[in-house]
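Whole structure, please, built from the sequences with the hints as guidance.
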Amino acid sequence: MAVTAYVRSEDRDAALEAGYQRCLQKPVSPVQFVRTVGQLGLAPRERPLRALFVEDNDDLREQIVWMLEEEGLQVQAFGHAEAALASYVPEEVDLVITDVSLIGMSGVEFARAVLARAPEAWVVFSSGYAMNHSLRDFGPNVRALLKPFDFADIHRLVEEVRDAKSN
22 MAVTAYVRSE DRDAALEAGY QRCLQKPVSP VQFVRTVGQL GLAPRERPLR ALFVEDNDDL
82 REQIVWMLEE EGLQVQAFGH AEAALASYVP EEVDLVITDV SLIGMSGVEF ARAVLARAPE
142 AWVVFSSGYA MNHSLRDFGP NVRALLKPFD FADIHRLVEE VRDAKSN
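Quick note: the sequence shown uses our numbering, first residue 22, plus one each step.
Fair warning: there could be bad hints in the mix.
Unchecked claim - Here are the simulated lysine to any residue pairs, SDA-like style, with alpha carbons at most 20 Å apart:
#	residue 1	residue 2
1	K186	Q95
2	K47	T57
3	K168	E181
4	K186	N78
5	K186	D174
6	K168	K186
Said to hold, decoys possible - The following label-pair restraints were derived from C-beta to C-beta distances:
#	residue 1	residue 2	range
7	D80	M152	17 to 25 Å
8	S122	E180	24 to 32 Å
9	P161	P48	49 to 57 Å
10	D80	R29	55 to 63 Å
11	L167	V58	42 to 50 Å
12	E180	L37	27 to 35 Å
13	Q46	A107	21 to 29 Å
14	D80	Q53	52 to 60 Å
15	S122	E181	19 to 27 Å
16	S187	D77	28 to 36 Å
17	F54	A151	54 to 62 Å
18	D158	K186	22 to 30 Å
Calculated directly from the structure, the hints in this document are not laboratory data. Every value quoted in this text rests on a predicted model; they were computed, and no experiment measured them. Beta carbons: idealized from backbone N, C-alpha and C, even for Gly.
Here is the structure:
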């Protein structure tokens with residue numbers, strides 16, 4: 022809500038276009054102010070995180086996409102790393118999650134290609150096997166989820182990324 026001493030129609034329009042829900046001109050009575058505040062909706066949520074997810078198992082891909090969407094993420098899902106890499110635009114992806122064992126390009130090769138373009142990218146390896154590689158060798162924002170993982174594991178991961186992105 023914007024409260025200002027002078028409101029021209031173009032200023033009011035600009036404030037509303039910028040996301041303000043109401044624009045009041047001074048002097049404003051306490052009753053009018055409280056009434057207007059009471060009519061305001063909730064603040065819009067921050068832009069949802071955008072995830073790029075690679076998993077060659079169709080059923081598992083569908084299940085994990087559902088889990089990520091339940092966390093509020095916008096998800097692009099792929100069955101092959103080559104297709105995911107072709108569509109990867111660093112500025113449009115907040116989190117990359119990839120299976121390690123994929124047909125064709127492996128998840129490790131895919132992660133290296135992603136990190137070559139964006140060294141600070143958030144990349145998560147999803148694997149049924151313990152990672153033999155040191156994750157720190159990949160970069161500061163690389164993590165691993167050991168399959169089978171559950172909703173709580175996804176939640177912790179998403180919160181870590183959200184916290185990092187908001188700072």
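Now the hints, each set against the structure:
no.	hint	result
1	K186 - Q95	holds (15 Å)
2	K47 - T57	holds (13 Å)
3	K168 - E181	holds (19 Å)
4	K186 - N78	violated (29 Å)
5	K186 - D174	holds (19 Å)
6	K168 - K186	violated (25 Å)
7	D80 - M152: 17 to 25 Å	holds (23 Å)
8	S122 - E180: 24 to 32 Å	holds (27 Å)
9	P161 - P48: 49 to 57 Å	holds (53 Å)
10	D80 - R29: 55 to 63 Å	holds (58 Å)
11	L167 - V58: 42 to 50 Å	holds (48 Å)
12	E180 - L37: 27 to 35 Å	holds (33 Å)
13	Q46 - A107: 21 to 29 Å	violated (53 Å)
14	D80 - Q53: 52 to 60 Å	holds (57 Å)
15	S122 - E181: 19 to 27 Å	holds (24 Å)
16	S187 - D77: 28 to 36 Å	holds (32 Å)
17	F54 - A151: 54 to 62 Å	holds (59 Å)
18	D158 - K186: 22 to 30 Å	holds (23 Å)
The structure shown violates the earlier hints numbered 4, 6 and 13.
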